[in-house]
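There are 2 protein chains.
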Amino acid sequence: MTYCVGLKLNRGLVFMSDTRTNAGVDNISVFRKMFHWEAEGERSITLMTAGNLATTQAVVSLLNERALPAEERGSPSIMEAPSMFQVARLVGETLREIIQEQSAENGQSGEAFSATIIVGGQVRGGDQRLFLVYPEGNFVEASADTPFFQIGETKYGKPILVRAYDPDMSFEDAVKLLMLSFDSTIKANLSVGLPLDLHLYEADGFRDGVKRRIEQGDPFYETLSSGWSEALKDAFQRMPPYSLT
Amino acid sequence: MTYCVGLKLNRGLVFMSDTRTNAGVDNISVFRKMFHWEAEGERSITLMTAGNLATTQAVVSLLNERALPAEERGSPSIMEAPSMFQVARLVGETLREIIQEQSAENGQSGEAFSATIIVGGQVRGGDQRLFLVYPEGNFVEASADTPFFQIGETKYGKPILVRAYDPDMSFEDAVKLLMLSFDSTIKANLSVGLPLDLHLYEADGFRDGVKRRIEQGDPFYETLSSGWSEALKDAFQRMPPYSLT
Numbered sequence: 001m002t003y004c005v006g007l008k009l010n011r012g013l014v015f016m017s018d019t020r021t022n023a024g025v026d027n028i029s030v031f032r033k034m035f036h037w038e039a040e041g042e043r044s045i046t047l048m049t050a051g052n053l054a055t056t057q058a059v060v061s062l063l064n065e066r067a068l069p070a071e072e073r074g075s076p077s078i079m080e081a082p083s084m085f086q087v088a089r090l091v092g093e094t095l096r097e098i099i100q101e102q103s104a105e106n107g108q109s110g111e112a113f114s115a116t117i118i119v120g121g122q123v124r125g126g127d128q129r130l131f132l133v134y135p136e137g138n139f140v141e142a143s144a145d146t147p148f149f150q151i152g153e154t155k156y157g158k159p160i161l162v163r164a165y166d167p168d169m170s171f172e173d174a175v176k177l178l179m180l181s182f183d184s185t186i187k188a189n190l191s192v193g194l195p196l197d198l199h200l201y202e203a204d205g206f207r208d209g210v211k212r213r214i215e216q217g218d219p220f221y222e223t224l225s226s227g228w229s230e231a232l233k234d235a236f237q238r239m240p241p242y243s244l245t
Numbered sequence: 001m002t003y004c005v006g007l008k009l010n011r012g013l014v015f016m017s018d019t020r021t022n023a024g025v026d027n028i029s030v031f032r033k034m035f036h037w038e039a040e041g042e043r044s045i046t047l048m049t050a051g052n053l054a055t056t057q058a059v060v061s062l063l064n065e066r067a068l069p070a071e072e073r074g075s076p077s078i079m080e081a082p083s084m085f086q087v088a089r090l091v092g093e094t095l096r097e098i099i100q101e102q103s104a105e106n107g108q109s110g111e112a113f114s115a116t117i118i119v120g121g122q123v124r125g126g127d128q129r130l131f132l133v134y135p136e137g138n139f140v141e142a143s144a145d146t147p148f149f150q151i152g153e154t155k156y157g158k159p160i161l162v163r164a165y166d167p168d169m170s171f172e173d174a175v176k177l178l179m180l181s182f183d184s185t186i187k188a189n190l191s192v193g194l195p196l197d198l199h200l201y202e203a204d205g206f207r208d209g210v211k212r213r214i215e216q217g218d219p220f221y222e223t224l225s226s227g228w229s230e231a232l233k234d235a236f237q238r239m240p241p242y243s244l245t
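In order, the protein sequences belong to chains A and B. No gaps in the numbering here: position 226 of the first sequence is 226 in my numbering, and each next residue is one more. No gaps in the numbering here: position 170 of the second sequence is 170 in my numbering, and each next residue is one more.
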C-alpha cells in the first residue's frame, strides 16, 4: 500500500509521501512515489502516486519523456501545458492510457492496474492548484472546503488532519501535522513505512521549494512520534471519565 | 457501514456498536447491531454484527429461535453450549449456513451476503472470552497481545485504541476510550452514526451488566467530542514545529 497527502495552505502546497511498496507482506521494497518537474521562474509541478507500481512508473516515465527539452520530446508535455488545469488533464489522460493499455494486453478489467495520483503546483499566469486524478482520467480540485487530498491507505491518518488543519498554518506546523498523520498510519498499518518524502512549494515561487527525505530513525520524527503518544495519553487522562451511575 | 468494538479488560468485557445502516448514502436507517443472551448466574453472551443486514438479522433470528426454553427450541443452542468456545462455534456455523444459503439461492458468490461478528461473554466454569467470527465460520480469540476486536469501518478509530488501551483500565475510562474511537470514526465517515449501544460485562458476574443507548445529543458524548478536539489541537500546538533550516 501507500500513503500520500497533498495539503493546500495559503502560503503554499505541502506534499508528503511514504516510500513502501509491497506485493504481499513479504515482498516489501522502497520506491519513490513523489516526482517533480520544474522550470525555474515559470512552473513547478509535484506528483504523487498510489496504486499499481507498474502503472504509476509507466505514467511517470511517459510524462518524463514528454517533458524533455522541446527538440527531443513528443507533445503534449506537462512542461508546455499553459495551466495547472491542463497539466492535470495530461496526467489524467496518461494515467487512463496506461491502465487501458495494461488491461487490454492482459484481457483483465482495469481494476488490477488501477492507480490514483495527486498533482499540484503552479504555472506562471495562474494560481497554485492541487488536483486528485482518478484512474478514469478525470480529476477534482482542492478548494477551501476540501483543502487536502489523501491517496492510498487514507483512513488512519484522516482524523488528525480533519481536526488540526488550518489554511493559515506555517510550513513548520504543516510538516508536523503531516508527520503525525503518517505516524498514526504507520503505527496501525504495516504496508506504510518510512522513509518519507517531503516537498514544500511556496506560492508564487514558480520553483521547487524545500525537499527532504525523512529517514528511519530521523530524530525529529522519533521525538514527535513518542511525544504524541504521551500527549494523547495525557489528553485522554484529562478528559472526564464516563459516569456509570 | 458499521463500527463495533469489543474490548477485553481484566475487569470485564466492553462492547460498543453504532446503529447506522445504509444502502447507499440516501437510504440510512437505525438498526440494532448488538444482541444479548443471558441466563442469570450461569451465562451472559453479547454479539455484535457488521456486514449484510439481511444476513446478520437472519443469524440473530436463528440464534434466538435456538435459544428458546428447552421444550420449544431446536438444538443446538447457544444457551446450552457448555463453553464460550462452543458458543463461538455455533455462531460461526450459523453465520456460514446463512451466507451459503443466500448465495446458493441467488447464484452469486458469498461476498454480497458476507458479514462478520464479534461475540463475547462468559459461561460458568470458564473464563470471560471474546471472539471475532469470520464469514467462513471460523474465528479467532482475543488475547493479551490482541485485546480488542473491531468490525466494520475500523481504520479511523484504531490509532487512539492502539495508543490508549490498557488492560487494567476502569470501565469508565474504557467507555471514554471507545467513545473517542467512535467519535474519530463518525467525524470522518458518514456511514457510521449515533446512537451507540453499550454493554459492560463484569468478569465472573454471569449476568448482563450496564446497558446504555447513547443518543444523538448525549451531553457527555458532546462534551467529550468537543473537549477532545480542543485537547488534540492543544497537544498539536505543544509539539515542537518541524525545523526547515
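A hint or two may mislead.
What the hints assert, rightly or not - Think about it this way: if two alpha-carbon atoms lie no more than 25 Å apart in a straight line, the pair counts; the simulated BS3-like pairs of lysine-lysine are: (1) A:LYS187 x B:LYS187; (2) B:LYS187 x A:LYS211; (3) A:LYS187 x B:LYS211; (4) B:LYS187 x A:LYS233; (5) A:LYS187 x A:LYS233; (6) B:LYS233 x B:LYS187.
Hints were generated in silico from the structure; no laboratory data involved.
Here is how each hint holds up against the structure:
1. Only pairs whose Cα atoms come within 25 Å are accepted, and LYS187 (chain A) paired with LYS187 (chain B) is accepted, the gap being roughly 21 Å.
2. The suggested pairing of LYS187 (chain B) with LYS211 (chain A) is violated, with an alpha-carbon distance near 32 Å, which exceeds 25 Å.
3. Straight-line distance between C-alpha atoms of LYS187 (chain A) and LYS211 (chain B) comes to about 32 Å, which puts the hinted pair past the 25 Å bound.
4. Among the hinted pairs, LYS187 (chain B) with LYS233 (chain A) is consistent with the structure: their alpha-carbon atoms are about 20 Å apart, no more than 25 Å.
5. Among the hinted pairs, LYS187 (chain A) with LYS233 (chain A) is consistent with the structure: their alpha-carbon atoms are about 15 Å apart, no more than 25 Å.
6. For the proposed pair LYS233 (chain B) and LYS187 (chain B), the alpha carbon gap of about 15 Å is at most 25 Å, so the pair holds.
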